[in-house]
Amino acid sequence: MSNYKTALLSTLFLANSAIYAAEPTQGWYAGFFGGVNYTPSLNFNFYTPNFNLINGGNSNLFLPNGLNQGRLQYQDIGGNAGFQIGFRCNYFRFEGEFLYNYSGYDKLRINGRTLPRSGRFNNFSMKGNTTLAGGLANAYYEFYEDGTDPTWVPYVGLGLGYTYMQNQLKYYYNDYNLNQYYNKISNSYAIGQAIVGINYFYSDDAAVGLDLRYATTGTLKHSNERFAVVALNVVFNYSFDEGMY
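Mapping the sequence shown onto the working numbering, position 125 (from 1) lands on 141, and the numbers just tick up by one.
Treat the hints with care, as some may be off.
Unchecked claim - Here are the computed lysine to aspartate or glutamate pairs in the DMTMM-like style, where the Cα-Cα straight-line distance is at most 20 Å:
(1) K123 x E241
(2) K143 x D122
(3) K186 x D257
The set of hints was computed from the structure by calculation and includes no laboratory data.
Please model the complete structure; the sequences and the hints are all you need to start from.
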């Protein structure tokens, strides 16, 4: 009786695996992605106001006004989203991607003084963000055995492209925006990314996945560093091609 139950369970398991296994459709596909990101801190040049002239000279910041280099720390979690259109050929995928990334400022340190994020009831504070909007060409390699019906498909990828970056910074005194001291810097940079992830194919034509992406720009024009971001994304792709084979 025990052997009969074991055989029955094995048969059901194999049947269930066959039902949900899928073979990725070859040809054109499109999709979208979104997730959270982490942005490491970096050095950056900012225009700072003469804080000693604010509040009747009662400021204790003693920061030089004009262009100064500060250490910018980002908030723990940012966001990113985008869409892609690509072509699958055997184990390879080639795609074009549009990316939008948002990273909010947490604190700015200049000359040993720290300006926290606005809303924390400090005398002087700041609020700002870095946004990216760009396009990349990506190439992926998918890991599965030829002739099988894979359900879970790991993949790795590389991408190169160009992005438009904008940095915005506002200063606050007692949570009131000092509009005359608004900073806005915009530039374009080359960008590259490395990707590792896994897809779940719930049909031949559709897959949902999870991947980790590390992206970095060229050296910033107002810094001696590169802007980098690590993103964890949920990805959805759907094939609209009848397939090559």
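So, going through the hints one by one against the coordinates:
no. : hint        : verdict
1   : K123 x E241 : holds, 18 Å
2   : K143 x D122 : holds, 8 Å
3   : K186 x D257 : violated, 48 Å
Violated hints amount to a single one, hint 3; each of the other numbered hints is respected by the structure.
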